Amino acid sequence: MTQPFFVVEDVCLKKDNRPILNHINLSLSEGQIHVLLGVNGSGKSSLAYTLMGCEGYTSESGRILLDGKDITHTRITERARMGISLAWQEPVRFEGLPIGKYIELGASESKREKVIAALEAVSLSPKKYAYRAADQTLSGGERKRVELAAIYAMQPRLAILDEPDSGIDALSITDIARLICEMAKHNSAVLLITHRPELVEMADSASLMCFGSIIFSGSPRETSQYYQNRCEPHLNILGSQPWQISLNNS
Amino acid sequence: MGNPIKSHAFEQTSPAWAGELQSLMEAYQQAGGDPASFQMPEVATLAVSGDQVLVSHDIPGVHLYSQPLEHGVRVSVVVDDGTLVKHPVHLCFGVLPMEGIQRIEADYQIGNGAQVQFLAHCSFPNAVRVEHRMNARIHIGRNSSMSYKEEHYHGLEGGVEVYPYSEVTIEEGGQFTSNFAITRGRVGTLMMNYHIEAQKDALAELVTKVFGSGDDHIRVEETIHLNGENAHSMTKTRIAVKDKAISEVTTITEGNAPRARGHMDCTEIVRDQALAANNPIVKVSNAQAQVTHEAAIGTVNRRELETLMARGLDEEEAVDLIIRAMIRS
Ligand SMILES: Nc1ncnc2c1ncn2[C@@H]1O[C@H](COP(=O)(O)OP(=O)(O)O)[C@@H](O)[C@H]1O
Ligand SMILES: [Mg+2]
Numbered sequence: 001m002t003q004p005f006f007v008v009e010d011v012c013l014k015k016d017n018r019p020i021l022n023h024i025n026l027s028l029s030e031g032q033i034h035v036l037l038g039v040n041g042s043g044k045s046s047l048a049y050t051l052m053g054c055e056g057y058t059s060e061s062g063r064i065l066l067d068g069k070d071i072t073h074t075r076i077t078e079r080a081r082m083g084i085s086l087a088w089q090e091p092v093r094f095e096g097l098p099i100g101k102y103i104e105l106g107a108s109e110s111k112r113e114k115v116i117a118a119l120e121a122v123s124l125s126p127k128k129y130a131y132r133a134a135d136q137t138l139s140g141g142e143r144k145r146v147e148l149a150a151i152y153a154m155q156p157r158l159a160i161l162d163e164p165d166s167g168i169d170a171l172s173i174t175d176i177a178r179l180i181c182e183m184a185k186h187n188s189a190v191l192l193i194t195h196r197p198e199l200v201e202m203a204d205s206a207s208l209m210c211f212g213s214i215i216f217s218g219s220p221r222e223t224s225q226y227y228q229n230r231c232e233p234h235l236n237i238l239g240s241q242p243w244q245i246s247l248n249n250s
Numbered sequence: 001m002g003n004p005i006k007s008h009a010f011e012q013t014s015p016a017w018a019g020e021l022q023s024l025m026e027a028y029q030q031a032g033g034d035p036a037s038f039q040m041p042e043v044a045t046l047a048v049s050g051d052q053v054l055v056s057h058d059i060p061g062v063h064l065y066s067q068p069l070e071h072g073v074r075v076s077v078v079v080d081d082g083t084l085v086k087h088p089v090h091l092c093f094g095v096l097p098m099e100g101i102q103r104i105e106a107d108y109q110i111g112n113g114a115q116v117q118f119l120a121h122c123s124f125p126n127a128v129r130v131e132h133r134m135n136a137r138i139h140i141g142r143n144s145s146m147s148y149k150e151e152h153y154h155g156l157e158g159g160v161e162v163y164p165y166s167e168v169t170i171e172e173g174g175q176f177t178s179n180f181a182i183t184r185g186r187v188g189t190l191m192m193n194y195h196i197e198a199q200k201d202a203l204a205e206l207v208t209k210v211f212g213s214g215d216d217h218i219r220v221e222e223t224i225h226l227n228g229e230n231a232h233s234m235t236k237t238r239i240a241v242k243d244k245a246i247s248e249v250t251t252i253t254e255g256n257a258p259r260a261r262g263h264m265d266c267t268e269i270v271r272d273q274a275l276a277a278n279n280p281i282v283k284v285s286n287a288q289a290q291v292t293h294e295a296a297i298g299t300v301n302r303r304e305l306e307t308l309m310a311r312g313l314d315e316e317e318a319v320d321l322i323i324r325a326m327i328r329s
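Just so you know, the sequences run in chain order A and B.
In terms of full-length UniProt numbering, the first sequence opens at residue 1 and continues consecutively.
In terms of full-length UniProt numbering, the second sequence opens at residue 1 and continues consecutively.
Worth double-checking, as some hints may not be accurate.
Part of the chain B face toward chain A, derived, beta carbon under 8 Å [stated by the list, open to error]:
#, residue
1, Thr83
2, Leu84
3, Met309
4, Met326
Here are the simulated lysine-lysine pairs, DSS-like style, with alpha carbons at most 27 Å apart [claimed, not checked]:
#, chain 1, residue 1, chain 2, residue 2
5, B, Lys149, A, Lys101
6, B, Lys236, A, Lys101
7, B, Lys236, B, Lys149
Everything labelled a hint here was simulated from the structure, so no lab data went into it.
All values derive from a computational prediction rather than experimental measurement.
Built from N, CA and C at the ideal position, the CB exists for glycine as well.
Use the sequences and the hints to build the structure in full.
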């Protein structure tokens, strides 16, 4: 694998005086698929927002580097134009905005073809969906597919996919896997937040987050095993929302 | 009302008015209309320029009557019982000079078991000081449905004052859908007032979309009385204001009968020094009725903005796109 072009160094984030991200280090090379595991509330989405540059998610220390350039304090638009994009875990709806129009926003050229190819890549018929609005009338699964299609059409250098599989039925996991592979083949780096074994397997590397820290990094198999052996038993004891317990104790 | 005069201008527009009709059709197109519809014999049409009826064309089951008024026209539209009107009735109202007053007194009588759509365009493309008043009384018979879509174009000066007033009665099982839009050019002053009475099993849906700029003043007042059992209503208001424009929306829904259901949904997006207000008023006088409302007034949702910015749009472009999509859809 080539040299990393995207490097996260010692990134920290606090919300309401509570640490959400602690000294995160991460690096990604072109075409690399890196999986991020971690229980609910461990900070995966917060890291995604911090890397994307969302308002209120500016790292308090450390740096985010793209091609060696410090982008820690650049805004979301600039980061997008430099090739970083995010597929949201719970994408918002847009009243009246046609899906085709939404998908073509990030595409740099031959937009029409890109829209058609992207919709087909997520198994949505372009005829049926391109002119339909990306609004409340879409099911959760449909909206998630549209989100993935938009990233696919954009072909970013770094695609951050926040649980792209949640809310999508099991059958289409293969669609998602194919789409991610294809993005990587076109040299996009993919930071993939997921728990689906089918998706974890296809990654090149993985990290495990716990209470805002990366506590383990390695091959997808090792990381997944660590997660199953160490985190899942805790989940069983503490319930599915362990961070609430820690809050009460603090 | 005096004796209605039946106009057949479609067939016999006098040469004196031919040029006027040509100009009106150009204005009609600016408001989003398609002049070709005025050439189709199977489409009922009415075109009024100032106080002149230039076109009035009936089709079987749809009758248009008109009568001159000072500064305007009295119009009466009758749809016979059981008539299912295939093509929307096309209406065009315009004032072409820079200044003028147009007063339209309109009566719509939709018989029982009828279905009809209206497509109305109001165009004042050159307006510097134009006043347009539309007083409509609409009666929708039992199990009938009427949809009324009205689009305005007021030019770029902001010198238009429009007063669309409607009183609508929907009989048992009837439906009324209204779509009102001013989304291009300036608004000027819009004082809109709709008053709806819905009987048993009736349905009313009012959608209003306005984009105000400059010193435009927008006032939307809608009152719905759900008087019949199982009557339903929905008001959906989408307004964007920028510069120093003002928008005031008051929607009142009364649930006065068992199983009456009303919902009011208002979004107003505010930029620059613009002002927006929303007063949803709920009155329920029957314990089995329910009226709900939702409103979002102010800036564009941050998450919506960031989603578009993550595709490379800057903040201004993202706001524009969100507003245009919301208003134009
Ligand atoms: N805006 C916020 N303000 C305060 N706390 C937040 C905010 N966003 C997230 N958190 C907290 O940060 C922690 C991590 O959340 P999140 O990143 O969504 O986790 P994950 O994506 O791993 O489920 C949670 O405890 C959550 O409650
Ligand atoms: Mg999350």
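So, going through the hints one by one against the coordinates:
Hint on Thr83 of chain B is violated. Least Cβ distance to chain A is approximately 32 Å, over the 8 Å limit. Annotation: Leu84 of chain B was flagged as interfacial toward chain A, and the flag is violated, the nearest CB pair being 28 Å apart, outside 8 Å. Taken as an interface hint, Met309 of chain B checks out: its beta carbon lies about 4 Å from the nearest beta carbon of chain A, inside 8 Å. Because the beta carbon of Met326 of chain B sits about 5 Å from the nearest beta carbon in chain A, less than 8 Å, this interface hint is met.
For the proposed pair Lys149 of chain B and Lys101 of chain A, the alpha carbon gap of about 25 Å is at most 27 Å, so the pair holds. Under the criterion of a C-alpha separation no larger than 27 Å, the hint pairing Lys236 of chain B with Lys101 of chain A is consistent with the structure, at around 24 Å. Taken as a hint, the Lys236 of chain B and Lys149 of chain B pair is honoured in the structure, with Cα atoms around 14 Å apart against an allowance of 27 Å.
Checked against the numbered hints above, the structure violates hints 1 and 2; every other hint is satisfied.
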